[in-house]
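Participant: Chain order of the listed sequences is A and B.
Under this note's numbering, the first residue of the first sequence carries the number 278, and numbering increases by one thereafter.
Under this note's numbering, the first residue of the second sequence carries the number 156, and numbering increases by one thereafter.
These aren't lab readings, by the way, just hints derived from the structure by calculation.
Mixed in with the good hints, there may be bad ones.
As the list claims (entries may be wrong) - Where chain B lies over chain A, by a calculated footprint (3+ residues, C-beta under 8 Å): (1) 379-389; (2) 489-497; (3) 555-567.
The model shown is predicted, which means the values in this text are computed figures rather than measured ones.
For glycine and all other residues, C-beta sits at the position ideal for the given N, C-alpha and C.
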Amino acid sequence: MSGFIITALVVLVFIVVYQLAKANEYSVILKDEEKVNASTNRLMAWLMLIGFILGLFGLYKCHVNLQDYLLPESASNHGDNYESMLKWTLIITGIVFFLTHIMLFYYIFKYQASDKRKSYYYAHNNTVEILWTTIPAITLLILVIIGLRNWSVMMDDAPKESLQVEITGKQFAWIIRYPGPDGVFGNTDFRLINDANNVLGLDWDDPASHDDIIFENGQMHLIKDHPAHLIIRSRDVIHDVGLPHFRMKMDAVPGIITTMWFTPKFTSQEMIEKTGNPDFVYEIACDQMCGNGHYSMRGTIIVETQDRFNSWLADQTSYYDLHYGESDKEEELVDNPEEESLVENNEVALN
Amino acid sequence: MSQEITLGHNPTDNMDVGTPVFHDTGHHEEKLHFFKKYIFSLDHKIIAKQYLITGIIWAIIGALFSVFFRLQLGFPDSTFPVMETFLGEWAKGGKLSPEFYYALVTMHGTILIFFVLTAGLSGTFSNFLIPLQIGARDMAAPFLNMLSYWIFFLSSVVMLSSLFIQTGPASGGWQVYPPLSALKEASLGSGLGMDLWLLSMLLFVISQLLAGLNYVSTILNMRTKGMKMSRMPLTIWSFFFTAILGLLTFPVLLSAFVLLFFDRHFGTSFYLSEIFIGGKALSHIGGSAILYQHLFWFLGHPEVYIVMLPGMGIASELLSNHARKPIFGYLAMVISLVGISTLSIFVWAHHMFVTGMSPFLGSIFVLFTLLIAIPSSIKTFNWLATLWKGSLRLNVPMLFSLGFVSLFISGGLTGIFVGNSALDIHLHDTYFVVAHFHLVMGVSSFFGMFAGIYHWFPKMFGRYMNNTLGYIHFFITIVGAYLIFWPMHYEGLAGMPRRYYDYSAWETFKVFQDLNTFISVVTVVTFFAQLLFVFNFFVSIFKGRKVTKMNPWGSTTLEWTTPIRPGHGNWEGPIPEVHRWPYDYKEDGEGNDFIPQHIPLKPGEESH
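For reference, chain A alone in the conformation it holds in the complex (with noise of 0.2 Å):
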């Protein structure tokens, strides 16, 4: 009953400003309502003006609270293009921006109608279009140049050398895959997955998929200043790869094989002192809706030193080992002579 009595009180407290609105509206009319109307005007003009610099105390102050929330210095190169580009785009606009609302707000105050005000019948002024039909034009198409050429750099084909991860998107969890020693991903088939033992449906007739190493806890490992080319798909519906602090994104979407590139820039340990949260962590946030649990599709990425993660590739075991192997102790003996020559391969692979 409490929603009941909740209108109820809403619907009252109406009732009442209505009536007082009302009592007012008649009041005007009573006065000299020429007159009410004219000081209603002023008034309007002085809130306005008021309001408008309010406003621009209001931006100020949003800023100041909101920009140490902002993401810290991208993490990519890919993302310094996207940071230079955003400050040029953020000044053209905040010109044209305060220009535009210091005309506007400084008209309604100095234009608000009075008795001695005529308006002045001017309809058109072909000279003016032509400016401001120009310039605008000429402004865009700087912004389109750069925005190209950034577009080019991005969505150009990943060096040769870069390191190959695939990240598969399914409902609601990213799954890694490495490549394993011979560097080439198994094939897959969607008819083969099984949540048990194959979750990315490897074709075990591949020899190439026996080495593949998989993640199923979305936990990505990148190297420092090495360029990482990622091969994204789905198992279900339409994900995305959103990577905020690489300021990278793309869709990952079932049917087909997208991919992104881009060189990480500081590992997570100098991304933890840089920002001086300890709890720092680059974060793989699923950007398309794709269901109820869309929000917590969460992945992780770690970035690390070449020597780093090429300890820890050597450390892990293939997907077919886990799940097929014949003895799973054989894999946890450091002295294990394939073991070595994982960590070999892996290099030859990676370089």
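Place chain B on chain A using the hints.
Facilitator: Chain B alone, transformed into the frame defined by chain A:
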């Protein structure tokens, strides 16, 4: 316009809608049965009001939904028992379930974009103003017009009923991208709720096509004598292009929905390929999920302008009227409308830069998208030039028009960010986009609509809306809109994704919790200010101050030459003939600062 084409609308002629003669004061009007007069009416004015009131009801529902999901975002750890009262099972213990959170987000978008800002806005003002401002007794096809409203009504009923089914309404976002929307295994809302959504939208598209055909043919064929195209008010121009855009693009949306329906029920694979879901691999192979997005956004983007253009037209008209000054650059305004409408059909893929679409295609869409900023800036500068050296009456409709300009600039400029693919790659699907489109097409279109309602309310109901409440409504709404959406840009720059139910698990985004709480509080306040408007609207219909002057705003356009409460057929005598353009805000030599369109040119006076 030749006399043949304006056939039947010779001033001395009668109506062609099957109702008898009109110049005998409209006595027969009262004999019409209540149902014929108010429910199944053929009168464009009644149909406009039907659209308006249906739109208002939908707007309350859509806005209420946003309040519900903002409560979740602002106070993820709290419970609100009042939500359980409204939503029952979906908010057990006063906490929204993720399923219903997504359903609310989806319905909020669908309702406000289609039912309120398309049907409610265009439906109201195109219907109301086209015949009145071009000098016609009714639409070209009044019956079709009535049909269009009732199909829209049916569509509303279907959509509303989907809110009450067990699996809930559609919940895949208002774009309903497959495979999420195609597979019932993918989410609860993709079950029956999605079928009802598709059915409702199918009816909606039909209704919009009927309406659009009517608007276009009325504008082309039924203008009164002397009302050349070049003498039409900018409102009519904007409704004209809105209708054309709808006619060109809604059928494509329909085709997308039909294919989606086939994929859902008949085992086709238009959009589906290689999917493993619900523990099994589906048999669909070879479809393309991207195809749907192309088809969807082929309407989806022009839809933004279908929503925007009427607001632009209304603002142009009102800025000129209340500044007592002709609109600056009438021709430039019309040409920029043409430019915006044409370009809007060629920019759809800027919603798809990061879908894996060819980057080359992306480049082309960047170019077209940023081109659209040119006609938009022409319009903005023309509005500013209209104010320059005017004599501004700062009444409620004028304030809303001025607010429209401000919001259009603020929201439009951020379009330059998201339209440039290299920036969109980071900003896509974040709160930056939410802020952008809510300002530019959501709130500013609403401002256009509010301005129009406050301005034409006297013509619609013969009474005024309460002024004081109008001012309160304006200030709370514009301050609220900026407080809600401006900070969202910061969230978006920080990469915060839209459509998240809870951000607390995210190291990168949880810093914004306080801001989210703030935004939610402002949302609730702003929502109640809108209810104040609704209250003002309905009470004023019956209790508002009566209109005593034929032309209370000192306007030049033809609707103010009709009686204060016009009957069906609009003019009691012959339809006035038009002699001049609609923006002659100059001395008439008799103490007035405007000359209506139907006043003949004085000897020696040059027409514009």
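Participant: Confirm or reject each hint.
Facilitator: Here's how the hints hold up against the structure:
Coverage of a stretch by a chain is defined here by at least three residues with a beta carbon nearer than 8 Å to that chain's beta carbons; for the region 379-389 of chain A and chain B the count is 6, and the condition holds. Counting residues of the region 489-497 of chain A whose C-beta sits closer than 8 Å to any C-beta of chain B gives 0, which falls short of three, so the coverage hint is violated. With 10 residues bearing a CB less than 8 Å from a CB of chain B, the region 555-567 of chain A meets the requirement of three and the coverage assertion stands.
Hint 2 from the list above is the single one not met by this structure.
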